[in-house]
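Protein chains in written order, with this note's numbering: chain A, 1 to 273; chain B, 1001 to 1320.
The set of hints was computed from the structure by calculation and includes no laboratory data. Bear in mind that the values here come from a model prediction, so they are computed numbers and not experimental data. Note that beta-carbon positions come from the ideal geometry of N, C-alpha and C, so glycine has one too. Among the hints, a few may not be true.
Sample of chain B residues lacking proximity to chain A, with all beta carbon distances greater than 12 Å (derived) [unchecked claim]: (1) G1108; (2) I1172; (3) G1173.
FRET-style restraints, in silico, Cβ to Cβ [to be verified]: (4) A/I29 - B/L1241: 32 to 42 Å; (5) B/A1021 - A/Q267: 34 to 44 Å; (6) B/F1089 - A/I29: 45 to 55 Å; (7) B/L1241 - A/Q267: 34 to 44 Å; (8) A/G213 - B/E1215: 53 to 63 Å; (9) B/L1095 - A/L253: 46 to 56 Å; (10) B/S1268 - A/S6: 42 to 52 Å; (11) B/S1268 - A/V25: 49 to 59 Å; (12) B/L1239 - A/S6: 10 to 20 Å.
The list that follows gives simulated cross-link-like pairs (lysine-lysine, BS3-like), each with its CA atoms no further than 27 Å apart [said to hold, decoys possible]: (13) A/K256 - A/K47; (14) B/K1212 - A/K47; (15) B/K1314 - B/K1212; (16) A/K256 - B/K1212.
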Amino acid sequence: MNKGPSWFNLTSITLGMAFLYLPIVLLVIYSFNAGRNVAIWEGWSTKWYFALWQDQQMLDAAWVTIRVGLLSASVATILGTMAAITLVRHSRFFGRSLFSGMVSAPLVLPEVILGLSLLLLFVSIGFDRGFWTMTIAHITFTMCYVAVVVQSRLVSFDRTLEEAALDLGCPPLRTFFSITLPLILPAVISGWMLAFTLSLDDLVIASFTTGPGATTLPIKIYSQVRLGVSPQINAICTIIIAVVSVGAIVASLQLKRAETERRRAEQMAAAGR
Amino acid sequence: MTAIDVAAPASDADTGARTSALGRLLVIGIPYAWMAFFFLVPFLIVVKISFSETAIAIPPYTPVFDFAVDGIAGTIAKLGELSLATYEFLTTDSLYWRSYLSSVWIAGTSTVITLAIGYPLAYGMARCPREWRPMLLMMVILPFWTSFLIRVYAWIGILSREGLLNKLLISIGLVDPAQPLVILSTTTAVYIGIVYSYLPFMVLPLYASLEKLDETLLEAAADLGCTPWRAFWQVTFPLSLPGVIAGCFLVFIPAVGEFVIPDLLGGSETLMIGKTLWTEFFNNRDWPVASAVAVILLLILVIPIVLFQNQQAKAQETGR
């Protein structure tokens, strides 16, 4: 591709990016609107952010969302990494195709089906719905995303390093923590981030599996959106967008730097040999 | 797997072998058991309840299996109570099959529109100088990280009767202020919502296959007197086909079962099966019907899902 972009290419990029970003930018701008009406601009104001700070229900919902997100993403990262190792390293065990099917299915199944089936499970085993059922549901569907991310890293993994450690008498568990894990860490971290944002974002599965007292931000936003657009929702949405974008950008820059440093270290090691 | 195992050097080969066998069992067993209990079992429960009958009780269906109370004989007797009544009901009420058809139609049309918008974007990105590409890629991925609900919500303020789009069109004189465009709460808004939300899913696989494209092939075509337009259709497009297929599946499959978009942007005339299922469950509290709707939705999606996974497996093989 050495000819460079034509005017047609540049136009389609510009229009495509405008389509992707204009709605979000408008939402952010109108969260600073002084008036109550979302479509009429009445001057800059941050009053909706202050109103948000006084909305105890919204703050509670945010706290529940963050706790569910942190807990489910962490457990999902451990389980998802184990699942990825299982799928890449263990080619033969009983029910392998069932397992790989179960891990890939939640990626493509509609959320309504996942939510409904988990709810019916909790009802039939008599598990009270609330914080824990929601967390379990989030672990279940996000661990599959973690598995995919970690799997792609494990496939391109140099196994000779592990074999060397094992040959030198390093126990398997220690080999994992001192050789394997550091090498796949970028993928594990991005798996965690993906799991966390998916949990933060989820409305459908959370609505099915939640119970009294455990309202997350998406559930709260959804119930208010049904009543109409309000600048206060724009404000909470803006905060979520800001947190997620900063997190995603910082993480990807960090990962890229870690990757470059690792490459450099590998090259130096190879040169010194 | 104790702390001692970690700390002690594996002087004894036998200990090492035993740890690794146990480790293997745990690494495979834990996620396996988790998925079996929280994915497979719930699924079987959905299938079972879809064969049950609605009842005014808690839980609202019969028969309710309770192995501890019924024992083996009671459980077997209750199996006989399962019936196809729910499925018969689904065929008699036209709401359900119309929902399925319209979901597939809306998802299919949106997929074609997303492809038409996503292809030029991905193509443009792939032709940009190498140093721009990570930045452009990041810009396409970023909206995917931002909340789905928020992105759908953003369109309400734009498309509503007093929304920003109507404001803009009125101010430039394209629309009569007395008769603003009615887009929100129509199927058009659902199309816009799906195309907007799933555009990154289309662009990423397209970009991945277009970026790998060998430029010399196009040069060869041009040298042999092929017009750029024809070269595109005879060289570029066929070579990007794996990306096109992957992108279409990635948009189509989730769009069929979509709930948030038709619920927030669509109107009462927009039938989509995800919304029908939600209504059956939360508003009508009819669990057997909701379960049967889910089972049939799954049967409809099995074909594209299996096709997609075969295609992915094939792409991975040829890619290596």
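Results for each hint:
1. G1108: The claim holds: B/G1108 sits with its nearest Cβ about 16 Å from chain A, beyond 12 Å.
2. I1172: holds, 16 Å
3. G1173: holds, 18 Å
4. A/I29 - B/L1241: 32 to 42 Å: Since the Cβ atoms of A/I29 and B/L1241 sit about 40 Å apart, the hinted range of 32 to 42 Å holds.
5. B/A1021 - A/Q267: 34 to 44 Å: holds, 37 Å
6. B/F1089 - A/I29: 45 to 55 Å: Roughly 49 Å apart at Cβ, these two residues keep to the hinted range, so it holds.
7. B/L1241 - A/Q267: 34 to 44 Å: Since the Cβ atoms of B/L1241 and A/Q267 sit about 37 Å apart, the hinted range of 34 to 44 Å holds.
8. A/G213 - B/E1215: 53 to 63 Å: Holds, at about 60 Å.
9. B/L1095 - A/L253: 46 to 56 Å: holds, 50 Å
10. B/S1268 - A/S6: 42 to 52 Å: holds, 46 Å
11. B/S1268 - A/V25: 49 to 59 Å: At 31 Å between Cβs, range violated.
12. B/L1239 - A/S6: 10 to 20 Å: Once the Cβ atoms are compared, 19 Å apart, the range 10 to 20 Å for A/S6 and B/L1239 holds.
13. A/K256 - A/K47: Roughly 38 Å separates the two Cα atoms, so the pair is violated.
14. B/K1212 - A/K47: Roughly 50 Å separates the two Cα atoms, so the pair is violated.
15. B/K1314 - B/K1212: holds, 17 Å
16. A/K256 - B/K1212: OK: A/K256 and B/K1212 at ~21 Å, within 27 Å.
In summary, the numbered hints that this structure violates are 11, 13, 14.
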